[in-house]
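In the order they appear, the protein sequences are chains A and B.
Heads up: the first sequence begins at 1 in full-length UniProt numbering, then just goes up one per residue.
Heads up: the second sequence begins at 1 in full-length UniProt numbering, then just goes up one per residue.
Everything hinted at is true.
No copy is singled out in the list; a pair is fine if it fits within one copy or between any two copies.
25 Å max Cα-Cα, derived DMTMM-like pairs, lysine to aspartate or glutamate:
| id | residue 1 | residue 2 |
| --- | --- | --- |
| 1 | K351 | D69 |
| 2 | K126 | D369 |
| 3 | K322 | D227 |
| 4 | K351 | E85 |
| 5 | K126 | D457 |
| 6 | K126 | D61 |
It should be emphasised that the hints constitute simulated quantities derived from the structure, not laboratory data.
Now for the letters of each chain:
Number of protein chains: 2
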Amino acid sequence: MEAAEERPRRRPAGLGVLALLCSSLLLNVLFLAYYYFLSPPSQLADGGSCGLSWALRAARDAEALAATDSCSGHGQVFLDGVVGEDGRPGCECNRCFDGPHCSIRTPNCTADATSGDPLFLEPYWKRHAAASAVLVPGWHRLSYATTDGLFQSVELENHIRRLHRAVGNAVVDGKRLVFGAGSTQLINALVHALSPDANAAAASPPARVVATAPYYPPYRTQTAMFDGREYRWEGTTAAAWANASRNSSSFIEFVTSPNNPDALLRAPVLRGSAVIADHAYYWPHFTHIAAPADEDVMLFTMSKPSGHAGSRLGWALIRDEKVAKRAYEYVQSSIMGASRDTQLRMLEIVKVMLANLHGEEDIFAFGHDVMRTRWRRLSAVVSRSRRISLQRINPQYCTYFNRVREPSPAYAWVKCEREEDDDCYEALLKARIITRSGAGYDASSRYTRVSLLKSDDDFEVLVERVTDLVNAENYDDDVPRGSSSM
Amino acid sequence: MEAAEERPRRRPAGLGVLALLCSSLLLNVLFLAYYYFLSPPSQLADGGSCGLSWALRAARDAEALAATDSCSGHGQVFLDGVVGEDGRPGCECNRCFDGPHCSIRTPNCTADATSGDPLFLEPYWKRHAAASAVLVPGWHRLSYATTDGLFQSVELENHIRRLHRAVGNAVVDGKRLVFGAGSTQLINALVHALSPDANAAAASPPARVVATAPYYPPYRTQTAMFDGREYRWEGTTAAAWANASRNSSSFIEFVTSPNNPDALLRAPVLRGSAVIADHAYYWPHFTHIAAPADEDVMLFTMSKPSGHAGSRLGWALIRDEKVAKRAYEYVQSSIMGASRDTQLRMLEIVKVMLANLHGEEDIFAFGHDVMRTRWRRLSAVVSRSRRISLQRINPQYCTYFNRVREPSPAYAWVKCEREEDDDCYEALLKARIITRSGAGYDASSRYTRVSLLKSDDDFEVLVERVTDLVNAENYDDDVPRGSSSM
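Just chain A, same shape as in the assembly (with noise of 0.2 Å):
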């Protein structure tokens, strides 16, 4: 009886347990199935190839690299840097920064404020890495001919148009879009095109080329290097104006604005004068925008909004035909386009500036906000000072931004006010600051260019030694004359 009772109720207790049994090793059968048929085999191996095949060594590459090696938050390493013993680029050190690592500071290192590097942008693309990144096949653009049947990308051409469009800082309809390999090409393009053609040459006299002093340097020695029969430096326009009397020839007039070195808006000073205006800084980062600019020859880079001076692309904004063409046909003649690896690469980039204008991640907001924050600290040193000034920049109402807004130059114009400091560069280098003479730019030697674009390790070095010279300047003042070395 027992055995016989036993059993209905073992029974089913076995058919449970063989039930569970089944359901658990057909589960198994199926995690096994995904395991080995339905995830890519790569995955088991290195952790996956997410759907890519030939673009993932690239993007490993690239991702590794940055990731082997901070710099210490004072450097850089680049894709194509030196490479070390390990095989491996090394880091490329900030200004005053030093060792494998850049990590460490240059004792009573000297501040270099001399070039106009841009790279107070730098940590927005980190910020953006993901979007900003771009991938460039092997096959990508081979041909002479791009996507206008020649050398520009149509893409980029409409989106740097939109980009004019959405700051408001140029007025694009109705003008010819004309690339060249950085603004600085298209100097001697625009020289060129405005220029006697040179079968007219022969009977008229050159072209005059000139500028107001304080001028960007390259007008002049490029103008000077290419020494082209159809046109001739002319120096200052005050200098042309005495001479335009006894001369029937035409002028071409470089106007910078704002000005580069001392950021002042600026307007034409000869009467009748084919104009080349050169707007490389009237973006919100260095400037209000009180309204597009809208003249007949305009010259842009994207070195200064985005701040990829290295890409060396630039563009000519040209309402006349057939002055555009004959930009155009200088820029063929000579490079046959600007690279399309770089209009591919800034096609991305100007698309990010496009996302976020006007949203938290703003571009301008951002450059504007590290450039008016430097001013003021650079302003708040120097107020303490008899011995050097700095130009004057109202507040002015910026269309941008939609509010006043407060001075961000790219370079301070600095004046020595002492009598004895007739070459401002030397008292500065004496101070170990690096600047740009005034002479350079056709100005008095009592004036220097500071840049304030480039690095924070750059400012922070620079306005270190700028705080050293006016410290001792107060010092030398509270003590009787002589005994300052002491």
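Mind docking chain B on chain A? Use the hints.
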């Protein structure tokens, strides 16, 4: 007894089942744990980030676009292509193909054999997609300065020197390497560097820039466009001979070897002239390598060895320090150096070329094979003609392939033999073949240049049209004159 006997047999079975059940359940728990905890969360969502973070988006965009449309194998989609209504770049079709997917063959299509577009190498880079792709971070090389402290990537320079050594086509030791925006830019950079200095120019007469016909037209057009006071285009060397005696001024002679258009090897014609040796085509794709070139001033470009014409990178190899310095300063003053984006990309490209030299995937073996086959096919057709003929090129021993190699010129230099065809360009145009007239090369219009290095599609159409031409001609000869229109 039965029951007593049953138990020992039944118990182990139950235990076994339970043990199996437990281990199976445990296995499932482990699977679940792996599934939910060990694998990155995104893997569940989108198939895995495979350890990538910021570089993933760009890599996916590039692959996704390449995968959207094969353009029927007769076109390309490019990341910066013109965007259609679907918000994506559409196919850019090869010549003679049309439609949204380049699937429609244009009937009676005219062959375009004008440009030197090196598209014959496009299939090579598609085959090496993984190795040749490069991901450019948004913060890459913002600065004007790069690894040489100025404008040139030291690593790229080193790799280009390695490439010359490995190919054996140029002596790089004891020479400075100067980059430019294509060898195009370096034409005028070298004319400038070899001309008297602007200050001295007033005293000494301008240098006389010459070449021997047939020569590459940009030597003339670009020199005439820049029209610097320190030099002057003086036409062909023949003409220059005549005037040489009457004139003490120095000569700058362009010597292109192999020559564009006729692929013949060239040597200087004038004694004592400064020579610019343009070796754009001195690579095993196009000619045998007899010995490393070793002139004082040599010109090269990436466009022809790798096919990246759109990237605009060329270089000069210069023995004399002063000449190299002037050429470098020219590039600095005119464009502030070749695009850093391009310098990075070309570094990756040269690495791939170097890694495969003399291997199964040797780019020069690939290139020579394509170009040799094209020359063979064209020659076979033209050999049946009494109306047109090709330049004669003999097989020659090549130090790179270490054997006698068949000819594989970049261009056919076609001569029209019939007396009435004194404009060979027009004669071929009537046969629906666009070429470049010999007149542009300062040669007889009985000659015209036919490009052979474009895409396979371009070449196929070209051979069709030439075959039509030759067949029609043979037909003409078989029937009595006047009735050929029957």
